[in-house]
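Those protein sequence lines, which keep their order, are chains A and B.
Last residue of the first sequence: 210 (my numbering), numbering continuous.
Last residue of the second sequence: 1405 (my numbering), numbering continuous.
Treat each hint with caution, since some may be false.
Beyond 12 Å from chain A on every Cβ pair, some chain B residues (computed) [claimed, not checked]:
{"hint": "1", "residue": "Asn1141"}
{"hint": "2", "residue": "Glu1323"}
{"hint": "3", "residue": "Lys1373"}
{"hint": "4", "residue": "Tyr1381"}
Listed next, the in silico SDA-like pairs over lysine to any residue satisfying Cα-Cα at most 20 Å (straight line) [as the list claims (entries may be wrong)]:
{"hint": "5", "chain 1": "A", "residue 1": "Lys73", "chain 2": "B", "residue 2": "Gly1184"}
{"hint": "6", "chain 1": "B", "residue 1": "Lys1226", "chain 2": "A", "residue 2": "Asn188"}
{"hint": "7", "chain 1": "B", "residue 1": "Lys1100", "chain 2": "B", "residue 2": "Gly1184"}
{"hint": "8", "chain 1": "A", "residue 1": "Lys192", "chain 2": "B", "residue 2": "Gly1184"}
No lab work stands behind these hints, which were simulated from the structure alone.
C-beta: ideal position from N, C-alpha, C; glycine also.
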Amino acid sequence: MNTFENITKLLMHGAFICEHSYPDEYTEIQNQKLFTKINSYLELIGMMVSVTNNDEGYYCSYLNPKEHVPELKREFENVKHSLAPLIRFLTIVQQGKGSDNILRPGDLIRLLEIQTIIEDTPNLALQLTKIANHGMFRSTSTAIDSQLKQVFKRLVEIEYLKLANPTRQIYVATSKWVLLIEQLRFINDAEKLSLEDTNAKDEVQAEIIL
Amino acid sequence: MNSDLYKSGLKLLRSLGKNAELIMNAYSYGEIDEIGNESTIETLTANHVLWQPNPEEGMRLTKEIRSLIEKALRDERNCQINFNIGSAIARVKTHITHYKEAILQDRARDTERHQRDINEDVYIIVESLREDLTSLWEHINNEFGLVLTIDAKIRENKLAQQQVKDILEGLDMFDFKELTELAGDDRILRKLLIVNLQREVESCSNSLHGAQVRLYKMLGHFKELKSQSVLVQGFQNFIDNNPEYEPQCYPEQSWIPTIFNLITPLKLKGYADINREEYETEFVKIVQSLKNEEQQQLIDDRSESGAILIHDQEKISYEESYEYELLDQFFCYVIDSKGTKISAVNYFNKIDTKWENEFWLFGVIGHLDSLDKQAQKLFTYKMIDQQHPIFTGNYYIKDIELWIH
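This is chain A alone, in the form it adopts within the complex (with noise of 0.2 Å):
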C-alpha cells in the first residue's frame, strides 16, 4: 500500500494520526504536498482532514458537517460518554505518579508500575473500579490487575494509548489526549463552567487551611 492510500484509509477508519501512534504517518502528513492530495481526494468525498493546535494530531472532518447531523451528534453522544472516565483516567496517572503534571502526549506508562501504586492506594483503587466499570471499559473484574488490564486495552483501541513495549507491558501516550483537553476547554468555555476558577479557589482555601 502506497503513503497515501495508508493515509486516506486510516484517516476515514476514523484514526487519529499524531507523533506517537502512527509516527511514520505523522512524519509523512506533514509533508505539505501530500496533505494537499489527501485533503483534495476526502473533500471529492465530502471529508477534510482536520489538525489540533499545534499540529499535534490529525483525524477526519466532514466537510459540510451540517450534512451530517446525525453521525455528528452520534459521534458527540460517545464524546460526552467517555469524557468522565477518561479524565478519570488522567488523575488517577497523575495522581499515581505523585506529580501536578497532567499526562502529555509522549509520556510513558508502566503497567506494572502504575499497578502496584494503584493497589497500594485504596482511594486510587476506588477511582480504578468507578472507570473500569463504566459502560465505555466495561470491566466485569474486580480484581485491579484485570481492571487495569482492561482499561488500558480499550485505551489502546480508542487510540489513547499504544503498546510501546509489549514484553514489558510500557504504554506511550498519544496526542488524542490534546484533542480531548481541547474538547474539555470548549464545553468548560460554553457551558460556562468555570472549571478552573473553582479550582483556583479550593487552592486559596487549601493555603487558608495551611
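Using the hints, position chain B against chain A.
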C-alpha cells in the same frame, strides 16, 4: 615555584585523597560531626577544606572544594550562577593600571607579573561566563527536571529568567570603549581585551538572548500544562459533585466546532481479486496469517478444552449407497461387453447422476481396488492421462478404459 610550596601542595592533595570518604560525606549531607575525627578535621580546616559557620553547627565544605566536586561530577543540583562581573571588571582595570605603571617605570619583572594577572583575569571571566551559560542551558534543556511539580518548574524558570537578566546587565558593564582606551596601542592588551574578551562577551550575550526566548516559551508551556492540569482537576471535582451533568449537544448548533466534527468511521471492506498477479505477495501474507490464526485457534481450543462429549458413531453403510449401485452397474456393463474396452467417462456421460467427472473416476479406481483378488484378475484397465501443461512430471487422469480378458 619554590620547592616548599610544591611540597605543601602535594601534602594537601594527598590529605584530600586520604579523607575522600569524609569529604564526600560532608558533600552529600551538607555537614559532618567532629566526633572521632578531631585531628583530621583540624588539618582539613587549616587547609581551608572544611569550615564551621559557628560552634553549634557541624563542619561544612568550603565553597571552593564544594564547587570543585560539583564541577567534576557535573552535579548541577547546587551549581549556582553567582559570578560577579562587576568585581571582575574592576580587577582587570586595576591590574591594567599596575601593568601600565610598571611599563612606564620600566620595571620588567613587575610588567611580566601584571601581564600574567591580566591574562588570568580575562581567563577567569571567560571561564566563568561559559560555566554559567553551560549550567543555565543544562537547566533549560532538561526542562528543570530536578524539580517535579509544575509550580516548582515555573518558579525555577522565573529564577533562571532573573539570572539571565542579571548576567546580561553584567555584560552591559563591559565598556569596550573604555577598555580600548585603556589598552591604547599595547598589542598584547588589545588582543586580550578587545579581540578575545569582546568576542566572548558577544557570543555570551547572543546565547543569553537565545536562552531568554527559550525560557519565555517554556514558561508559556508550563503555564499551559498548569492550566490543563487545573482544568482536568476542576472537571473531576465538578463531575464528582454533579454526576448527572451533560453538556449540550454542539452538533445541533448553527456552528459546529472542528473538535467535535468527527466522522463516523467508514468500514472499508474489500475482496481480493486473486487474478491480480501483482498482489501475489500480499495474498501469500494474508493466507499465511490465516494459517497462523487457525493454529492459534487450535491452541486456544486445546487450552480451553473441558470434557468432550463422545457420541456413538453412525454406521456408514457404503454398500447400500446409490453411488455404490452405480459403480456396480458399470462393472456389470463391462462384463456384459465381453472384452470390449469401455471408457468410464463415456459411460458416465450417459448415466444420470449428480457426481462430477473426477469423483466418478475416483470411484471407479476405488471400486476396482475394493474387489477381491480373484475378481480383480478378471479386469484389465488402462489409465488415459494427460501431462500438466506447465509442470512436467504431473499427470491428470482423464479417463479409464476397462475391459475383461
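For each hint, the structure was consulted:
1. No Cβ of chain A approaches the Cβ of Asn1141 (chain B) within 12 Å, the least distance being about 16 Å, so the stated non-interface status holds.
2. Glu1323 (chain B), annotated as away from the interface, keeps every beta carbon of chain A farther than 12 Å; the closest lies near 49 Å.
3. The beta carbon of Lys1373 (chain B) is kept farther than 12 Å from every beta carbon of chain A, the shortest such distance being approximately 62 Å.
4. Remark: the non-interface label on Tyr1381 (chain B) is consistent with the geometry, its nearest Cβ contact in chain A lying 54 Å away (cut-off 12 Å).
5. Annotation: proposed proximity of Lys73 (chain A) to Gly1184 (chain B) is violated, straight-line Cα distance about 81 Å (limit 20 Å).
6. A hinted pair counts as satisfied when its Cα atoms are at most 20 Å apart, and Lys1226 (chain B) with Asn188 (chain A) qualifies at roughly 16 Å.
7. Using a Cα cut-off of 20 Å, the hinted pair Lys1100 (chain B) and Gly1184 (chain B) holds, with the two alpha carbons roughly 10 Å apart.
8. The straight-line distance between the Cα atoms of Lys192 (chain A) and Gly1184 (chain B) is roughly 70 Å, outside the 20 Å bound, and the hint therefore fails.
When held up to the earlier numbered hints, the structure conflicts with 5, 8 and fits the remainder.
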